[in-house]
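One-letter residues, chain by chain:
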Amino acid sequence: MKGLPLLSLLVFAPWAGAALLALLRRASVRTARAIALVFSLSTLALAFVAAAGFDPARTGPQFVERHAWITALNVHYHLGLDGLSLVLVLLTGLVAPAALLSSWRIERGSRLAGALFLLLQGSALGVFLALDFFHWFVFWELSLVPAFFLIKLWGGPGATRAAYQFVVYTIGGSAFMLFGFAALYAATGTLDFGQLAQLAADGTVARKLAATGGAWPQAVFLGVLLGLAVKVPLWPFHTWLPPAYAEAPTGASMFLTGVMSKMGVYGFLRILWPIFPGPLHQAAPVLLWLALAGVVLGAFAALRQTDLKRMVAYSSLNHLSYCLLALFAVAAATGGPRPAAEAAAAALSGTLLQLFNHGLSAAALFHCVGVLEARSGGRRGIGDFGGVRSAAPVFAALCGVALFSSLGLPGLNGFVGEFLIFRGVFGLAPWAAAVACLGLLATALLLLTFWQKVFHGPRAGAAAGEFPDLRGTELAPLVPLVALMLVLGVLPHLLTQFFNPLVTAWAGHLLLP
Amino acid sequence: MSPALLCLIPLLPLLAAGVGALAPRGGRTLAAGAAIAAMAGAFGVAVFALLTTLRDPSAHLTYNFDWFDLGAGTVRLGWLLDPLTALMAVMVTFVGLLIFVFSTGYMKDDPNAAKFFCFLSLFAAAMLGLLVANSLLLLFICWELVGLASYLLIGFWFHKPEAAAAAKKAFITTRIGDLGLLLGLLWLYDSTGSLLFYDGGKGVLEAEALGTLVATTTAGGLALSTAIGLLLFCGAVGKSGQFPLHVWLPDAMEGPTPVSALIHAATMVAAGVFLIARVFPLMAADLALAAAPLHALSVVAAIGAITALLGAVIAVAQSDIKRVLAFSTVSQLGYMMLALGVGSWVAAIFHLLTHAFFKALLFLGAGSVIHAAHHEQDIRRLGGLRGPMRTTFVTFAIGMMALAGVPFLFSGFWSKEAILHAAHGWGVSHLPFYAGLAAVVLTAFYMTRLVAEAFLGAPRSEEASHAHESPPVMTVPLLLLAGGAVGLGFLGTPWWPWLQRTLDPGFKSEPGGAGLMVTSIVLVALGIGAGWALYGRRPRANATAPDPLQARAPGIVGALAARLGFDELYAATVGRLSAGTAVAADVLDRYVLDGLVRLLARLGQFAGLVNREIDEDVLNAGFDAASGQLRDTGRTYSRAQTGDAHGYLRFVALGFVLLVLAVVMGGTP
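Heads up: the protein sequence lines correspond to chains S and F, in order. Numbering of the first sequence is given in the numbering used here, commencing with residue 1 and proceeding in unit increments. Numbering of the second sequence is given in the numbering used here, commencing with residue 1 and proceeding in unit increments.
Next up, chain S with everything else stripped away, as it sits in the complex (with noise of 0.2 Å):
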């Protein structure tokens, strides 16, 4: 395993199988299809390949290939893999192949459709694997190209409004995000995470920053948090997610919610709170509000929804502000005068698995919708079905699983990273916990409303007539995601194993520079 550049491989491989597909124009559809896929599964294959030479009592990054590369700038090619990376490695390596599965049925163009869900793949991993601004921030605007053609060229009628509107609104807010690094660049004269990390710890960031003078450190801290919180999205700056997930081919919105989601959470946690600890523990009351007010005012805006789709994409917003929240609540304790390990601990254990969970469920479905939506020739209305679970008995069961997932259920996957949310929230800001409560009272109603509108009742709308039950490519993305609901809601420890001495670390320097 020694000398080969496996992270390389992991980020490289998806866009090698883009440059495959780019350059066999005479490929056939099957072809393409299928070249696609098996570059799309290497992720997984590679991810398991770390995972088992992973060791998970280090807490620093492991398969680190570093090398120079711009020297001028003091540029590296830095890749390297942690219990987080991993974590979301993983859930890059099953979500992407489910959603390319997904979209399985394209015909036109699915050679194009299959490269840029391939760039997108790759452009993902690269976020969750740099460890170096420069090249960090090149995957990060690259993944939103392929975004932009999925959703415009394969989406619904409003689709050319929804990708311009998330492509402006998210590179809007990364512009802040870059301005806030030069300027860090200019202070420091690194871009490296880690180093920045070490200069933020002993106070060199906070003291080089402060003599710019003025509003300078300050700005430069809310612009890389905007630049992040619009990718989120952290309430109110998203707006731009309903539109673009009910646009988006199914496909694409199950990438978008299962990973690119995940890149802005990320972010916070990579970022964010190691470089930015004392402005972040400032802001922390006010963004615990906000946090907050995703957690409710998602859920309830979803009750809201007759499109489907915007209702499981305004559910993710609550279901992502959950891990916000708990976030919010440790840098707001940070410092605090107790000592809150436990609790934090706790906190972000959750957020990581709920950033986990919560890729699966929402996938699945997203997935699901689709499904609907095939069935019906692009129904997805609340209204127009009914009585599916009469029509459709194993779609409706694997559905279900996937609803009750994301509910929080106890006995699957989606519980535990939200009892240990809670927990570690109810711990470091109780007030907070017990008015997301509301969120969690919401979420069932509208999860419910969901299936009994959908599934129940007598069989009406588009499921009147001939409503096949679940096929070949429609199965296969789906019985994986439950399968892993289910284990994972009963052996949280078969992914907690990777991340829980990270997290015992982080929760352990709860000091503030």
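Among these hints, one or two may not hold up.
[Claimed, not checked] Residues of chain S placed beyond 12 Å of chain F at every Cβ, according to the derived structure:
id, residue
1, Ser28
2, Val29
3, Ala45
4, Phe54
5, Gln62
6, Ser174
7, Thr212
8, Pro410
9, Gly465
10, Gly472
[As the list claims (entries may be wrong)] Label-pair distances were calculated between CB atoms; the ranges are:
id, chain 1, residue 1, chain 2, residue 2, range
11, F, Pro111, S, Arg58, 28 to 38 Å
12, F, Gln605, S, Ala210, 34 to 44 Å
13, F, Ala291, S, Ala483, 53 to 63 Å
14, S, Ala483, F, Leu30, 14 to 24 Å
[Unchecked claim] Calculated from the model, a selection of chain S residues having no Cβ within reach of chain F, i.e. all distances over 12 Å:
id, residue
15, Trp104
16, Leu178
17, Ala186
18, Thr190
19, Gln195
20, Gln218
21, Leu222
22, Asp384
To be clear, the hints were calculated from the coordinates, so they are not data collected in a lab. Backbone N, C-alpha and C define an ideal beta-carbon position, used for all residues, glycine too.
Chain F: place on chain S using the hints.
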């Protein structure tokens, strides 16, 4: 028996649920066979466990294990064996077994019967897991799974919109209570660092933790144990159908009748009572603080008393056989909470056990009637079933007398007597005691009415006139349950309180109570007499004849028949609030936030426009030329944006190659 083996009790039915889930659509025999065999096995283990505990009833045998590592610590779960667990497990497995057997007859013609037995087994597994849990977290997990099983079973006939709606209502209503339970659990976890009940001195129900919880004061001057206890009680209010969250229980009758018998009468709804009995040391801890502004148990007693009375009052005016029984369940659960609240948790569990038998009996009897009368459930349209359905009638009458508290022979009399006795001795207030007495009269009254309307007189509909006795697979469980409804009472009489002493070795039967016993016998006689006078003496002539009680007090009976408008009240308040919040959140997003974003975009465009004007009109020509150059560049770029995705892809591929080259060449130091 080692407590580690306790896991067999829930795991056997869980296995059967797995078999049922994988059974083909027509695999009724396989699924039912697995369910019944597993339940019988679990019953055997439970009996064995009971025998173990009888050797030393005061011991709490535990087996704790690690679930997963969290931070520097570990999340631990465990099993617990004590008389409370063992007695409950024996009851649930025995009653469950009989109901499973009954179901093979009742669901004979249902095409989805295999799924039915799968869900029943899942329910049994969750309920039994809840009983043997030695961790509040594990209990909560099972508690929610019980809720899931209940959801699936209420909505078993999901093609009926009412069943689907009732299932959702049950899940959401109980979840409201569950959020309280969750918060209480989190608070307990945060303040003690553990959720194990018993853990060699470090558990949350043991002296050390309780001492800390009582000594800490929190918001409103409440002891921490009071606050946590009240939050945990919220969960019990939801699950056990207590006022004000009782509204889901009557609707839950949309499920097949064996479901009503098993989970909405005998076992699941008792989970709330069990929870409070399990954490009783925590609930009662604040009694040591004489100066506390509020004791958790006082709230429990008040809610129990209100529920006992409320359920009984509403039951008087219901005309659906299952709804009468549903409200009587609400009322009887209120009695149990009342007993817990006044400090006699053993009386509560005694009543829970007897109630499980006679209420399962009554529901299965109702099921037998409904099955025979082709799904006619309106007692006004039944009648005259005494002749054709002899076994059902006799066993139903036994159940009715047990529920009404007919003296000496029937178990309900003894357990209710124990509760009234405890309520009478409560030092805080006598109001719950009087509420309990009033509910005694009402219970006797409405049960007499039910039996008279359903079984006496002549058949009042086509369906009722064709009724015939159910097959032995349904009547034998009735007979066995009737045996329990009679015999169980003798385990807890004041002269030989075996059950009480087993549950609580420190139990002392207090002398006296003869006067109280006479009072309640008189009240029962009063209730049955009134019921007989109104409904039994002269049975109604036809289905549309006016109800004698309604003729006398139409307003009150009408309000009661409408269940005192709780559903409408909740729809008008909580329902509208939630819908309103949803509208507000949506409007905020669509118009305000998105509007702001659009406004920003417009401002950007405007700034561009102004900038251009300034450029062209104010600044010098050199700048003009420069901006012209810029515009040209933009045009050139826009020409590159052909919309031809192949073109883009080529550039991306090119970029990729360049990147790789850069890595390779720049990578060498």
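- Which numbered hints does this structure break? Failing hints, ascending: 8 and 11.
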